[in-house]
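Peer 1: Listed here are the chains, written in short residue letters.
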Amino acid sequence: MVYKIVKSVHRDFIETLFLTLLILLIGFLIGFYVESYRTNQISKSYKEFEVGALDLRLQNYYFQIMKESSCEKAIEQNFVFADRIYDEGLLLERYEQSNELSEDILLEKKKYVLLKTELWLNSILLKEKCGNPFHTVVYVYSQTGNALKESEQDAISNILRKLKEERGNDIILIPIAGNIGIDIVDLQLNSYNVTYLPSIIIDEKQVLEGFHELDEIKSYLVDDNKKNSGVIRLN
Amino acid sequence: MNSLVVIYAIMFFFGIYFLLIFVVLYFRNKEKMDDYPKATRFPRVSILVPAYNEEKSISGTINALLELDYPKDKKEIIVINDGSKDNTSGIIREFMKKHKEIILLDKKNSGKADSLNQAIKIAKGDFIAVVDADSYPTKDVLKKMIGYFENDEKVAAVTSKVWVKNKNNFLERFQDVDYCVIAWSRKILDFIGAVYVTNGPFSVYRKSLVKEVGGFDPKNMTEDIEITWNLLSRGYKTKMSYSAKVYTIVPEKVKVWTNQRVRWNVGGLQTLYKYRRFFLTHGENLFGRFVMSYVSLSFLLALFGLLLSLRFIYLAISPYLFSLPYFFQGYNPFLFMDFYFAFTILFIWGALFFGLSILFHKLALQNTEVKRKNILTIVIYIFVYRPLYMVPFVKSFYRLIRGDIKWYTK
Numbered sequence: 005m006v007y008k009i010v011k012s013v014h015r016d017f018i019e020t021l022f023l024t025l026l027i028l029l030i031g032f033l034i035g036f037y038v039e040s041y042r043t044n045q046i047s048k049s050y051k052e053f054e055v056g057a058l059d060l061r062l063q064n065y066y067f068q069i070m071k072e073s074s075c076e077k078a079i080e081q082n083f084v085f086a087d088r089i090y091d092e093g094l095l096l097e098r099y100e101q102s103n104e105l106s107e108d109i110l111l112e113k114k115k116y117v118l119l120k121t122e123l124w125l126n127s128i129l130l131k132e133k134c135g136n137p138f139h140t141v142v143y144v145y146s147q148t149g150n151a152l153k154e155s156e157q158d159a160i161s162n163i164l165r166k167l168k169e170e171r172g173n174d175i176i177l178i179p180i181a182g183n184i185g186i187d188i189v190d191l192q193l194n195s196y197n198v199t200y201l202p203s204i205i206i207d208e209k210q211v212l213e214g215f216h217e218l219d220e221i222k223s224y225l226v227d228d229n230k231k232n233s234g235v236i237r238l239n
Numbered sequence: 004m005n006s007l008v009v010i011y012a013i014m015f016f017f018g019i020y021f022l023l024i025f026v027v028l029y030f031r032n033k034e035k036m037d038d039y040p041k042a043t044r045f046p047r048v049s050i051l052v053p054a055y056n057e058e059k060s061i062s063g064t065i066n067a068l069l070e071l072d073y074p075k076d077k078k079e080i081i082v083i084n085d086g087s088k089d090n091t092s093g094i095i096r097e098f099m100k101k102h103k104e105i106i107l108l109d110k111k112n113s114g115k116a117d118s119l120n121q122a123i124k125i126a127k128g129d130f131i132a133v134v135d136a137d138s139y140p141t142k143d144v145l146k147k148m149i150g151y152f153e154n155d156e157k158v159a160a161v162t163s164k165v166w167v168k169n170k171n172n173f174l175e176r177f178q179d180v181d182y183c184v185i186a187w188s189r190k191i192l193d194f195i196g197a198v199y200v201t202n203g204p205f206s207v208y209r210k211s212l213v214k215e216v217g218g219f220d221p222k223n224m225t226e227d228i229e230i231t232w233n234l235l236s237r238g239y240k241t242k243m244s245y246s247a248k249v250y251t252i253v254p255e256k257v258k259v260w261t262n263q264r265v266r267w268n269v270g271g272l273q274t275l276y277k278y279r280r281f282f283l284t285h286g287e288n289l290f291g292r293f294v295m296s297y298v299s300l301s302f303l304l305a306l307f308g309l310l311l312s313l314r315f316i317y318l319a320i321s322p323y324l325f326s327l328p329y330f331f332q333g334y335n336p337f338l339f340m341d342f343y344f345a346f347t348i349l350f351i352w353g354a355l356f357f358g359l360s361i362l363f364h365k366l367a368l369q370n371t372e373v374k375r376k377n378i379l380t381i382v383i384y385i386f387v388y389r390p391l392y393m394v395p396f397v398k399s400f401y402r403l404i405r406g407d408i409k410w411y412t413k
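Going line by line, the protein sequences match chains R and C. Mapping of the first sequence onto my numbering: position 36 corresponds to residue 40, and the numbering continues sequentially without gaps. Mapping of the second sequence onto my numbering: position 222 corresponds to residue 225, and the numbering continues sequentially without gaps.
There could be a bad hint or two in this list.
Sample of chain R residues facing chain C (criterion: CB under 10 Å; computed from the structure) [unchecked claim]:
{"no.": "1", "residue": "ALA159"}
{"no.": "2", "residue": "GLU208"}
{"no.": "3", "residue": "GLN210"}
{"no.": "4", "residue": "GLU213"}
{"no.": "5", "residue": "PHE215"}
Part of the chain R face toward chain C, derived, beta carbon under 7 Å [what the hints assert, rightly or not]:
{"no.": "6", "residue": "VAL13"}
{"no.": "7", "residue": "HIS14"}
{"no.": "8", "residue": "LEU29"}
{"no.": "9", "residue": "GLY31"}
{"no.": "10", "residue": "ILE34"}
{"no.": "11", "residue": "TYR37"}
{"no.": "12", "residue": "THR148"}
{"no.": "13", "residue": "GLY149"}
{"no.": "14", "residue": "ASN150"}
{"no.": "15", "residue": "ALA151"}
{"no.": "16", "residue": "LEU152"}
{"no.": "17", "residue": "ASP158"}
{"no.": "18", "residue": "LEU212"}
Rather than coming from a laboratory, the hints here were simulated on the basis of the structure. Bear in mind that the values here come from a model prediction, so they are computed numbers and not experimental data. Think of the CB as a built atom: it goes at the ideal place given N, C-alpha and C, for glycine as much as any other residue.
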């Protein structure tokens, strides 16, 4: 009698075990499908960024070779690319924060940082060529850090987002992870003597370490050069 | 995968497994839920009512016991006045003038378990029914329980279904849900011979076996859990009659509720520790293999659940907390509040677990007296009432660490 009951209970336990594994498997498959889809979408975005970055690079060559002085077109393309890379960047950050399992997205990040660095370099070239028609605000943040550091970075990130909303195409905002192990980024940071992360580099002249108020950041965005050039505004 | 993901995955596995056990067993046995063996003879039963400062409720309890549908000459009611400072003793003496079946045992305060042990010494019945002095058994409760003992000498205890009498405020109403879920899940465990608690409001024991195992443990905070584990560990059976219904008064204030849960937790952990040697051992029943692991894992899951919840809360508030220095520099973090959910595998497992929890609670609440059995009630129960358990849970560990173990209910 006891044997029969125990045997029947064992059957219940084993069947429940299979049912549990089945439910977990279904969840895993759905989750895997969704994450794969998302990773593919992100990879696709990166590829499009790469094409966009290559296009920008070739445009620079074009303007240099053809001696064409149409800065307006070049700057416009630069802004379109910058805005896209920034918006997609925010989405990527969210994916990265919420992603517990897949590290594929993180592996793409270095490529993304390279693209942003290329955008920065391209912006420097454009400013030199076209007489500083816009400002570059490069936000260099730390990829690693404690909660205190993350809060500081969140605060700066939000302040800069507000700045971008206010100033529109007057500035190009480029957030770059500063300690991700990419030589060109390290070279750039060394050349501007950036020793603390997070920092904000304004027009390759001012380096603001840590959090600064919005009004203070705005005060560094002086328009002297623009007045001198007096040519292009894309607002 | 990081270690946190592994912890989540393990938690989901056991969480889903335990929920499914109940659901599967329910669907296999749902026709038998209300069945109980009909008694053909009525043995003498001594009803023990330990009481400490119960002047407000004891009259109702005694009246309910006097009205029990059971041969009058086969029952005796022994009220153990455990050193009450109120008029509990006086009330019982008044009852005794009219009802000869009532016996009063006046003694110094020594706790519930010791009170019961002393009463067992003078009890004449072959069976003892233990009744809390703030509980109100329905008339047929004893008849629906005593039959379990008739054809199986191994049955040592039978417990009843406890529902809530007072359902006025939020806390009481959700304790009502709580008690219904507990009663339902306990009946499910009955189908696999794993009833691991015989409740305080109304449970019947075979006196000879209670004596054999040494009676109730006065050192344990939850003598009802301890005696059940003691009996199970020796291969005896414990049963539950889902038709036998008893109402009880539940705490109306958070403080009293917390103290009661602290006692349950501390008692549960004490019992778990005392019987640790039976963990995963084979026996005549599922005590070692299922009950021990189920209760241990319940505590572990609660502990990890607590830690992960605290982590979640920390992650949610820390950006605002650590942004305070910038707040004084003109930055308002609350303007940038942003919520985002991504469909990761863990999220989907969580959603499946939640769906299963809804089904579990929906099944548990059917055929109960809970007024609103809709999904909203269940969601509030899961996300508002159950998280309150964190308070007594933390307090229990704190008191255990301090070695502060005493009766907290009153």
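Peer 1: Each hint should be assessed against the structure and marked as holding or not.
Peer 2: Consistency of the hints with the structure:
1. ALA159: At about 4 Å, which falls below the 10 Å cut-off, the nearest Cβ of chain C leaves the hint on R/ALA159 intact, so it holds.
2. GLU208: violated (25 Å)
3. GLN210: Where the cut-off is 10 Å and the nearest Cβ of chain C is about 18 Å from R/GLN210, the hint is violated.
4. GLU213: Nearest chain C Cβ about 14 Å off; hint violated.
5. PHE215: Because about 5 Å separates R/PHE215 from the closest Cβ in chain C, which is inside the 10 Å limit, the hint holds.
6. VAL13: holds (5 Å)
7. HIS14: violated (9 Å)
8. LEU29: violated (10 Å)
9. GLY31: Holds - the Cβ of R/GLY31 comes within 7 Å of chain C, reaching about 4 Å at its closest.
10. ILE34: holds (5 Å)
11. TYR37: Hint violated; R/TYR37 Cβ to chain C Cβ min 10 Å, cut 7 Å.
12. THR148: violated (15 Å)
13. GLY149: violated (11 Å)
14. ASN150: Where the cut-off is 7 Å and the nearest Cβ of chain C is about 9 Å from R/ASN150, the hint is violated.
15. ALA151: holds (5 Å)
16. LEU152: Because about 5 Å separates R/LEU152 from the closest Cβ in chain C, which is inside the 7 Å limit, the hint holds.
17. ASP158: Interface hint status for R/ASP158: holds (5 Å vs cutoff 7 Å).
18. LEU212: violated (13 Å)
Of the numbered hints listed earlier, those contradicted by the structure are 2, 3, 4, 7, 8, 11, 12, 13, 14, 18.
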